[in-house]
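Colleague: In case you want the letters, here they are:
2 protein chains.
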Amino acid sequence: MICDLEFGIWNLEFGIWNFLKITHPTYKMSTKTRKVKIFCPATVANVNCGFDALGFALEGIGDEMIFRKVAQPGVSITKITGPDDLPIATQENVAGVAALAILEGENASFGIEIEIHKKIRSGSGIGSSAASAAGAVFGVNQFLKTPVSNLELTRYAMKGEVVASGNEHADNVAPCIYGGTTLVTSYDPFHIVALPSMGGLHVGIIHPHIKISTKESREKLPESVSLKDALVQSQKLAGFVASLYECDKELFAHSLQDILVEPHRKDLLPYFDSVKQLSQDSGCVAFGISGSGPSMFTFAFAKASIETFLQKAETLYQSNDLKIDTYCTQISNTGCRLLKDEIKN
Amino acid sequence: MICDLEFGIWNLEFGIWNFLKITHPTYKMSTKTRKVKIFCPATVANVNCGFDALGFALEGIGDEMIFRKVAQPGVSITKITGPDDLPIATQENVAGVAALAILEGENASFGIEIEIHKKIRSGSGIGSSAASAAGAVFGVNQFLKTPVSNLELTRYAMKGEVVASGNEHADNVAPCIYGGTTLVTSYDPFHIVALPSMGGLHVGIIHPHIKISTKESREKLPESVSLKDALVQSQKLAGFVASLYECDKELFAHSLQDILVEPHRKDLLPYFDSVKQLSQDSGCVAFGISGSGPSMFTFAFAKASIETFLQKAETLYQSNDLKIDTYCTQISNTGCRLLKDEIKN
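Same order as they appear, the protein sequences are chains Z and W. According to the numbering used here, the first sequence is numbered sequentially starting from 1. According to the numbering used here, the second sequence is numbered sequentially starting from 1001.
There is no bait here: all hints are sound.
Here are the simulated DSS-like pairs of lysine-lysine, each with C-alpha atoms no more than 27 Å apart in a straight line: (1) Z:Lys266 to Z:Lys211; (2) Z:Lys276 to Z:Lys220; (3) Z:Lys228 to W:Lys1266; (4) W:Lys1228 to Z:Lys220; (5) W:Lys1266 to W:Lys1119; (6) W:Lys1211 to Z:Lys228; (7) Z:Lys312 to Z:Lys211; (8) W:Lys1228 to Z:Lys215; (9) Z:Lys228 to W:Lys1215.
It is worth saying that the hints were derived from the structure and are not from the lab.
From just these sequences and the hints, can you work out the full model?
Modeller: Okay, here's the thing in structure tokens:
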């Protein structure tokens, strides 16, 4: 009952905020707001030619988080729901560490309670930890007197990624915050470009239920590569970037290749070559490992191609007794965003 | 006297052609035209982060060539003027081989006589052979019943580059044909992007009069590079491309670095580090080896920075008894182009 009342007040506040946003475009949410609910999307990083650089946000796949502002400084995780058993201790939790980083970095005088409703499976390769880290800083940002930029949010979120993977990297958190497709051009100085979107693009995701250890996946990376291959891949990344600005579908398709990392990592993914072939046979224009796997992504300019591919992939894996999740979606032009509806579970 | 009359007729024809171009935009130069004179610009290839991929055309530095259509199929070089002793035999001459390639490739029923008036010194590192190869195919293209695209011209011009360097490469011939800044995204399929221009950009070129053997320069290239460096450089190239589309001067400046090749080749260039430092001290935003040297280039958003730098560089080299040529120029948005005035020398 208390919970219902609380949600009622919150929804009222959200309604007023939305109304004011339209009638007074310069209006910002009151820093007195006590509670916000957000959606933070799943993301695909690496994206073939853009290892460590490219990432994009997925439409309709993601977590939900609720933030409550409290007087006591610090962060506490009050609830976690979802498919995995995640640590609730702030310092061990990706969202906890990221939220603390922004609160401390911005000298906030208040504290935050976080509810995490995970939908993205941990270790799936579509940015589960990034969604928590990005969501955490995006959520906290709503309560700051002077909200920080997307670039600063990404920098804070990277602190959370350290908990999950041991190092600060932005290729998942950046698209989760900015939305669309992002390019990390440099870490020093830290710079991210929000790339234009390619019209009419559809995305297919397959997630075979296998575990890939981060250690094993890292060990597969070659220490060095031939200069020739490095230059070819570099041209492909530059071509990919140009293809988005030029709306050049052909260039987009032939740029999305990975000759540096995929050959070394694909053996960790059962039936990789077969399923890649299926994507081509279905009319898809690119196929690759999402992050460090086990999820894989494909692009197509016709939704039917994605649907055909997902069906074929499902049949292939099922006939080999492997369970997979499949998603037919698009690149989301929005990253983390405020929600007004109630949590469903 | 015959020559004057010939030039008079040619100028009249050129005048009519120019008039018709304006009044009838779809009008194409008559394939009966017997003679054209063209300008083919010097170019800078590699451009730090874009080894083997990027190149740009220089304003006001370049060669002139005159083409005469003759009945007898084949190509003959009738005259070469300029600072170097270049072979006049068609099969040994870059322009000759490139002109033959397009004539044969397009099944032309006529032949071409070429006069080459070189201004770009051979072995200077600002695309001397590329200007000849690109100029040759551009010139021949004026006489074809169905002129070919810039991409096809580049493909033919690459045949000429083989004579000079032993391999087909497009990083100089592409900007010489397209103008502006070009990006070779792939050789298979062969694809070139004409990148947008960065407003307000000035270019400085220094050409110390030293010889670098192609063999020695090639041997300096590492066989392999670390994956980490390959990825960093790749991000810089992608960032450079994005900076042009975004008109982002800051991103432009910090993307123009070369961690893969410059460290290995700079020892071939006397005082490289000192002169690079001078460019920074003068307010220039990038500095690097042009092609495989010995020329070097710098960029600045103020012409005064280039002028200051060139003066300082000249003093440095002179005090070390090294002669240099310097150029204060801009990126030329036009590649090879038709001329109507008479040859000056």
